[in-house]
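Participant: If you read the protein sequences in the order shown, they are chains A and B.
Just so we're aligned: the first sequence equals residues 26 to 338 in our numbering.
Just so we're aligned: the second sequence equals residues 26 to 338 in our numbering.
Simulated from the structure, these hints should not be mistaken for laboratory data.
Please note: incorrect hints may appear among the correct ones.
Note that the list lumps identical chains together, so a pair holds whenever it fits in one copy or between two copies.
Stated by the list, open to error - Derived pair list, reagent style DSSO-like, types lysine-lysine, alpha-carbon separation capped at 27 Å: (1) Lys142 with Lys333; (2) Lys88 with Lys247; (3) Lys321 with Lys203; (4) Lys305 with Lys134; (5) Lys325 with Lys248; (6) Lys272 with Lys45; (7) Lys53 with Lys103; (8) Lys92 with Lys325; (9) Lys52 with Lys333; (10) Lys294 with Lys52; (11) Lys247 with Lys325; (12) Lys333 with Lys222; (13) Lys321 with Lys88; (14) Lys45 with Lys325.
Protein chains: 2
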Amino acid sequence: MRNIIEAVPNFSTSNPTVVKAILNELKKIANVYLLDYTYDDYYNRLVVSFVGNENSILQASLKMAAKGIELIDMNQHKGQHPRIGAVDVFPFIPLRHISIETCVRIAKKFGKSLAEKHQVPVYLYGMAAEPERSDLDWIRKGEYEALFEMIRKPERKPDYGPAVPHPTAGATITGARKVMAGFNVNLNTSDLKVAKKIARTLHAKKGGFATVKAMAASVPKKKITQIGMSITNFDQTPLYRVFEVLKLEAARHNVSIMSSEFCGMTPIKSLIDIAAYYLKIDNLSEDRVLEIAIQKAMEKDLQHDQRKSRLGN
Amino acid sequence: MRNIIEAVPNFSTSNPTVVKAILNELKKIANVYLLDYTYDDYYNRLVVSFVGNENSILQASLKMAAKGIELIDMNQHKGQHPRIGAVDVFPFIPLRHISIETCVRIAKKFGKSLAEKHQVPVYLYGMAAEPERSDLDWIRKGEYEALFEMIRKPERKPDYGPAVPHPTAGATITGARKVMAGFNVNLNTSDLKVAKKIARTLHAKKGGFATVKAMAASVPKKKITQIGMSITNFDQTPLYRVFEVLKLEAARHNVSIMSSEFCGMTPIKSLIDIAAYYLKIDNLSEDRVLEIAIQKAMEKDLQHDQRKSRLGN
């Protein structure tokens, strides 16, 4: 693959049969590769991460989205994560040898095609949208339950498709963004009020870290709560700092951290920042990580051999 | 490259001209790639890390070693790291699609060839040697200064070459080993006695961690001391645990940790263990690191395309 794009679609389901059917669509397209998927019943949400090139990612995305629209009924859906549709959000992320602008173009093609084929209203967000329409929270305001009413407002007119929600799939949001870190922290309290207080201290819009969104959710099976976060710029706001402030604020309420997990893939830069902070490491960079350096050496070697074989012809 | 072997030679020099000349030898051989090198005047030692395949690594290693033998005079050498020769130790490490046994074979070829070409006595160590002759510390006992006497003892007879040190290059140790982590910690004390006490608490032979070797050195320019460690099995003995115990023992002497650094490459597993410990992350593995997952997807993609082009012929 000359260029690599990641897609991280979020589907409103935690039904294992539906999850399997959606993932199965990926196998039908060449040159796309599943990296990761997670789903759980308290968010009632599936997050998939896969990669492909400019052509294959669009084909695979349309197939997966079609399956989600076919199998998910939003009228039956309950979940703690804000959502407006079966295929709730479908971001495209430039990874290698590709610009964010190209990803914006892919998102627009994806949105247009989805709207035409399935009569699903589609909103653009992030870098694919005008600034005043770019915010995910704003697009999701009122969620699926209020969508029938909200979609009629002139400022909430979808970018593609009818200004009427799909009867079972609601609406879809798509766009392009940079790599971000998704990170969930489990607290040893079932008190959602306390968890919400802690989440607010971290959230950008409440005076927290400028690149962090944080929400609180109940995990009823475990009788605990969870802070779900996305850190859009983990370079500026390293994960260890967010974690330590979360710990401080939790301690204030006599709550402690039970465990954490990345939601989706882990960017290596965030691991480097964590190790460098706690172990006071001066000279840590991506280039000094053995497995990354091997990969770069192999790429050079491949180029060397290709050059040699061209010269041989 | 079908297979990848790493070599991590240690040369007894910190002279920038000599360092440059040694590294320059790598450029003369195709299909080898420099990953990293570090040197400093208090150890007076150069540590290089490079990769190649079964053929290229041997050629490049012989060239580098020849340059080290040519330019380094052990009679002028002072340094705090134990050493017996100009090309002090030359380990080969299996990284991909290659066995430790093949690396042992390469080490033996390297040792035999070096001895024949340069009349340098060569010792095998680690997995390339008989157990009773495998320990680096045992081979280096008395260091270069005592080598003329020690080499005459029957049990210290070299594996290759004459039982007489090379007049300027001393002797060389070679062998095969698995990937290990080299880690140095700087202490805010110039008291070498205290640093040695702390190092002893970590060292395997003194009742410390079974897979850790630790030594103390002065860093006169900065008026501090440094604990230099190698952790041969960083899976069993994760780096954060060694670091936290070091911190505890240092605090006992009212000494604190100023900074740390990896010596050589950083294995990603050690970063994962650090992040998982401090942030209590449950589900962190190499496969979930974005850059590693991309690499694996690209390898699959290359295989897919190669299969397709074979079928097309």
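Participant: If a hint holds in the structure, say so; if it does not, say that too.
Facilitator: Results of checking the hints against the structure:
| no. | hint | verdict |
| --- | --- | --- |
| 1 | Lys142 with Lys333 | neither (47 Å within a copy, 32 Å between copies) |
| 2 | Lys88 with Lys247 | neither (35 Å within a copy, 62 Å between copies) |
| 3 | Lys321 with Lys203 | both (22 Å within a copy, 21 Å between copies) |
| 4 | Lys305 with Lys134 | neither (46 Å within a copy, 41 Å between copies) |
| 5 | Lys325 with Lys248 | neither (52 Å within a copy, 42 Å between copies) |
| 6 | Lys272 with Lys45 | neither (36 Å within a copy, 48 Å between copies) |
| 7 | Lys53 with Lys103 | neither (30 Å within a copy, 65 Å between copies) |
| 8 | Lys92 with Lys325 | between (40 Å within a copy, 25 Å between copies) |
| 9 | Lys52 with Lys333 | between (35 Å within a copy, 16 Å between copies) |
| 10 | Lys294 with Lys52 | neither (30 Å within a copy, 30 Å between copies) |
| 11 | Lys247 with Lys325 | neither (49 Å within a copy, 38 Å between copies) |
| 12 | Lys333 with Lys222 | neither (62 Å within a copy, 56 Å between copies) |
| 13 | Lys321 with Lys88 | between (33 Å within a copy, 23 Å between copies) |
| 14 | Lys45 with Lys325 | between (38 Å within a copy, 22 Å between copies) |
In summary, the structure is inconsistent with hints 1, 2, 4, 5, 6, 7, 10, 11, 12 from the numbered list given earlier, while agreeing with the others.
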